[in-house]
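There are 2 protein chains.
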Amino acid sequence: MRSLSRYLPILDWGRSYNSAVLTNDLVAAGIVTIMLIPQSLAYAMLAGLPPEIGLYASILPIIAYALFGTSRTLAVGPVAVISLMTLTAASSVAVPGSAEFIAAALVLALLSGAMLMLMGVLKLGFLANLLSHPVVSGFITASGIIIATSQLKSILGVSASGEAMPELVSSLVANIGETNLPTLAIGVLSVAFLFWVRKGLKPLLMRFGIPPRAADLTAKAGPIAAVAASTLAVVAFGLEDAGVKVVGAIPQSLPPFTVPLFDAALWQQLAVPALLLSIIGFVESVSVAQTLAAKKRQRIDPDQELIGLGAANVAASFTGGYPVTGGFARSVVNFDAGAETPAAGAFTAVGIAVAALFLTPLLHSLPIATLAATIIVAVLSLVEFKTLRTVWHYSRADFAAMAATILVTLLLGVEPGVMAGVGLSLALFLWRSSRPHAAIVGRVPETGHFRNVLRHKVITDPRVVTIRIDESLTYLNARWLEEFVLEEVADHPQVEHLVLMCSAVNAIDASALESLEAINHRLSDAGVRLHLSEVKGPVMDALERSHFLAELTGRVFLSQDEAFSTLVKMAHDPPQGSQDPYLARGLI
Amino acid sequence: MRSLSRYLPILDWGRSYNSAVLTNDLVAAGIVTIMLIPQSLAYAMLAGLPPEIGLYASILPIIAYALFGTSRTLAVGPVAVISLMTLTAASSVAVPGSAEFIAAALVLALLSGAMLMLMGVLKLGFLANLLSHPVVSGFITASGIIIATSQLKSILGVSASGEAMPELVSSLVANIGETNLPTLAIGVLSVAFLFWVRKGLKPLLMRFGIPPRAADLTAKAGPIAAVAASTLAVVAFGLEDAGVKVVGAIPQSLPPFTVPLFDAALWQQLAVPALLLSIIGFVESVSVAQTLAAKKRQRIDPDQELIGLGAANVAASFTGGYPVTGGFARSVVNFDAGAETPAAGAFTAVGIAVAALFLTPLLHSLPIATLAATIIVAVLSLVEFKTLRTVWHYSRADFAAMAATILVTLLLGVEPGVMAGVGLSLALFLWRSSRPHAAIVGRVPETGHFRNVLRHKVITDPRVVTIRIDESLTYLNARWLEEFVLEEVADHPQVEHLVLMCSAVNAIDASALESLEAINHRLSDAGVRLHLSEVKGPVMDALERSHFLAELTGRVFLSQDEAFSTLVKMAHDPPQGSQDPYLARGLI
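If you read the sequences in order, they're chains A and B.
Per my numbering, the first sequence starts with residue 338, numbered consecutively.
Per my numbering, the second sequence starts with residue 338, numbered consecutively.
Check each hint, because a few of them may be wrong.
One copy or two, it doesn't matter: identical chains are merged, so the pair holds either way.
To be verified - Using 30 Å as the maximum straight-line C-alpha spacing, the simulated DSS-like pairs for lysine-lysine come out as follows:
{"no.": "1", "residue 1": "LYS460", "residue 2": "LYS794"}
{"no.": "2", "residue 1": "LYS906", "residue 2": "LYS632"}
{"no.": "3", "residue 1": "LYS536", "residue 2": "LYS460"}
{"no.": "4", "residue 1": "LYS794", "residue 2": "LYS873"}
{"no.": "5", "residue 1": "LYS723", "residue 2": "LYS873"}
In short, the hints are calculated from the structure, not lab data.
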């Protein structure tokens with residue numbers, strides 16, 4: 338039972354479900370449903386898909402996540418960045434809006450779902466770690482800029498395309514003469530209204546005595562007001578005839594049952610984009626889930642989250658949807674509205690299904706410029722340049738990775754951007770790991786402490802040299818270790834004993850062990866003994882499984898203090914009658 | 338002057354050159370020349386090239402390395418593994434032995450030389466670290482097996498081809514009926530003789546009173562005796578008519594001046610193979626150079642070695658050669674024969690040039706089976722299965738990487754083998770870095786030491802929990818850190834103070850900093866204060882450049898002992914009149 342509930346978390350929370358929890362979940366679901374309808378339409382259109390696909394992607398995927406996911410309040414569905422990535426990926430194989438394009442989006446959802454579930458089963462959640470925080474932050478900032486720019490075309494009522502800034506901007510500029518003024522008016526008013534709702538509505542409502550939480554939730558429903566007002570304006574003033582593009586006829590139906598194309602060539606073309614999309618979606622979703630879970634001291638299990646998100650995407654692929662993930666905005670609304678269990682998600686799904694069945698005729702005259710405005714206002718909150726400055730102050734290496742991610746994403750598009758970010762983070766990490774910090778140390782006078790000779794006034798001895806290594810020893814720095822130690826020996830011609838102080842060495846892998854053996858051997862050839870000090874327990878356990886300790890020309894000292902005292906004494910006052918084999922042999 | 342001699346090490350050793358050093362260098366060069374002639378022919382044929390190309394690759398590349406390399410005794414030229422990699426790479430674009438194949442080998446040498454020099458100038462020597470010792474060892478073992486198997490065709494006198502074991506073995510088995518008995522006799526006798534020379538000749542010579550070093554060097558010249566005896570046998574018994582394949586006519590000439598093809602498509606096809614070949618060659622060469630340099634307390638500079646090897650390969654590409662690197666066998670002979678400076682290499686080059694001009698007619702009737710025998714005996718010393726056992730005992734992860742490299746190389750060939758090895762080493766390293774060791778610690782009674790609660794009887798407090806993290810905090814484990822800390826807090830419902838003990842944390846990157854900020858924030862939401870203890874100097878310097886310390890809900894303690902005492906006192910006996918904002922607020 339315990340293990341089954343690990344894979345089906347519903348067995349956990351389902352047992353303590355009661356009417357109080359039900360009420361909370363129902364209220365939250367109502368609020369989220371209202372917010373999700375315009376958002377779902379807008380993101381589907383951002384992805385180059387018919388608007389109803391956004392609704393379909395917000396129904397069954399939510400239920401699938403509710404069954405398998407571990408977060409109690411995460412709201413799964415279409416999100417901005419994943420919609421942009423879907424547009425980019427599907428555009429590489431079909432024309433946006435075409436039947437092939439819709440089919441490609443289904444395949445992306447299926448592949449992404451399968452990959453996420455596979456990673457979950459294989460416990461590969463750690464792969465998401467390959468994206469460092471500055472890289473993710475840079476990627477989302479750049480994606481936000483691209484998305485906002487791409488939506489300007491709907492605000493202006495012109496056509497424009499492109500996956501990265503250079504093409505987008507040049508096609509916008511080229512077509513700016515075709516700007517439709519009524520569309521522009523609706524777009525600009527919607528953007529202004531939505532920004533005001535975000536910043537100004539809540540304080541206003543509170544001044545009218547509405548309690549903060551209710552004021553907050555009302556403000557979150559702002560887009561619905563924009564949708565209603567602009568739709569009414571279009572109908573009242575016959576703006577469709579003036580060239581204002583509207584959503585148009587949306588089929589009134591539950592999500593259709595769809596079978597993604599099983600086409601090997603298509604799958605191969607979409608495999609890498611699906612992987613990138615899965616990882617970005619997972620990273621976004623897990624951070625949101627963790628933030629919310631922590632507030633209630635709940636837990637989420639990242640490997641199980643992979644399965645939950647994977648199931649949601651597979652569900653999307655069989656019900657006419659497109660790739661989904663846990664969204665920040667909707668999850669926060671769900672949480673703030675008081676959702677307590679994934680059942681709130683299931684009720685939201687029912688709400689959206691009802692909307693898809695009965696409310697779509699009301700959306701016929703909704704101007705696309707208004708949807709574009711909701712997207713612009715939503716994604717501009719993703720753009721955060723101040724992180725760049727913070728990271729610059731903290732670490733130049735991280736700054737470089739972040740700046741490169743932003744530039745590559747803006748100039749070349751989202752896929753090159755993610756890959757450049759992953760590549761650079763990895764290269765910097767490997768580079769740093771391959772050149773760890775190490776210092777020659779000496780004894781601080783009248784203490785047992787040993788410090789860097791370059792930073793402190795310490796006691797040293799020309800015959801006994803101690804190197805403190807501030808990093809685990811792995812294959813990445815094994816060669817560095819050999820070079821560093823042998824250079825230090827070459828720099829200290831009088832040295833007879835070399836001590837490696839291992840207080841910060843948390844592990845020694847097989848390559849580093851071999852390097853230690855080589856160092857031991859080479860030092861022995863040069864008449865120098867190798868000693869270790871302050872070796873940690875688990876490291877010592879591992880060394881004892883090897884031949885290294887048997888071959889070591891020197892000793893392993895528990896403390897550096899003991900090592901230094903003993904060796905200085907031995908070097909200057911060798912025990913009578915003993916013949917040191919290494920000193921006697923000398924150089925070859 | 339100092340900086341110039343860094344890039345042209347000859348300016349260093351050239352100034353102290355005198356007649357005693359000259360004599361030593363000349364003697365060593367003579368011995369190495371004799372050994373190199375059959376080896377160069379054999380490796381060229383292994384690479385699918387005409388034998389004289391092996392001689393050409395042993396002339397100018399040696400001089401180029403002598404000018405730019407930092408090892409005094411490394412001998413550069415054709416080596417077994419690089420010859421096999423050349424065969425594999427060039428076979429992908431041309432038929433072995435054809436003019437296009439020879440041209441592809443020149444392009445490989447040029448690309449490899451250019452890549453090595455570029456890596457040297459950009460100080461990218463650390464890229465070679467991506468190959469862990471077990472992976473290199475596994476790769477060389479598997480390559481040795483493939484090479485030895487491929488040479489069986491020449492011993493049997495049949496034709497066979499294939500880049501990996503399955504094709505090689507099946508084509509050998511398919512053609513075994515065509516075995517040429519005289520060829521087989523020469524091959525088997527040569528192999529037996531060469532093995533005996535290796536194991537039995539030196540002791541025999543020493544029993545006749547020959548001093549050990551001379552006996553050793555004589556034994557090393559064994560292949561020359563096999564070459565001479567088998568050539569004489571072919572001539573005396575007219576074995577060529579009996580179907581014994583011989584080297585045949587070799588042009589008598591100095592290396593020709595060649596210009597590698599500048600063909601963009603060809604370059605693109607050979608770029609990845611050239612990169613793999615460069616890295617493998619560099620790793621082999623540097624380990625040999627370091628081993629020899631350490632014996633005389635000399636230094637080698639890996640970044641300058643890249644330039645030296647790069648120059649040698651560029652030289653090979655312009656003088657009718659093929660990719661070269663520092664070879665283990667020849668370098669050891671050079672060292673043992675008393676070479677003191679790179680001038681010995683230059684003299685060897687002259688010796689081989691003389692051989693190429695005047696001695697090639699003598700090699701006409703040399704049976705290819707004898708050359709195959711020298712290769713088999715040489716490469717079988719590369720095959721080391723005992724390393725597998727050692728590594729198994731030390732680390733299962735390293736063993737998995739090594740075993741996978743061997744299997745992939747044997748079954749799929751050298752290029753997939755190297756890539757699998759690099760990929761696996763990296764994946765394992767990242768996996769380990771992403772799940773570091775961490776422990777809840779408590780105070781060892783009546784001491785200031787803190788140890789793992791699972792391993793020791795220690796004093797703990799339900800309100801003060803300390804986690805010791807045994808790894809640097811980076812983007813790879815930032816997410817793990819959040820999960821680990823939040824799980825521990827969820828497991829300790831009474832906790833009010835959480836201490837992260839950072840004695841083994843050597844660095845905190847921007848991602849980990851952000852995770853610490855998130856942890857601080859989430860713990861604060863849950864009414865728990867976060868403290869740090871035993872933060873290292875450089876880490877503290879970095880933290881002071883961020884906002885983290887200002888936002889930290891708790892304190893940074895110099896010692897864990899102080900942290901525990903202070904916090905336990907605070908938790909159980911809060912100061913009078915003070916209102917703790919976090920404890921007062923409680924859970925959200």
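The hints, checked one at a time:
1. For the identical chains of this complex, LYS460 and LYS794 are neighbours neither inside a copy (50 Å) nor across copies (33 Å), given an alpha-carbon limit of 30 Å.
2. Taking the shortest alpha-carbon separations for LYS906 and LYS632, only the inter-copy value of 27 Å comes in at or below 30 Å, while the best intra-copy value is 59 Å.
3. Proximity of LYS536 to LYS460 under the C-alpha cut-off of 30 Å is found in neither arrangement, the shortest distances being 42 Å within a copy and 51 Å between copies.
4. Taking the shortest Cα distances, LYS794 and LYS873 sit within 30 Å of each other both inside one copy (27 Å) and across copies (18 Å).
5. In this assembly of identical chains, the alpha carbons of LYS723 and LYS873 lie at most 30 Å apart only when taken from different copies (28 Å versus 41 Å within one copy).
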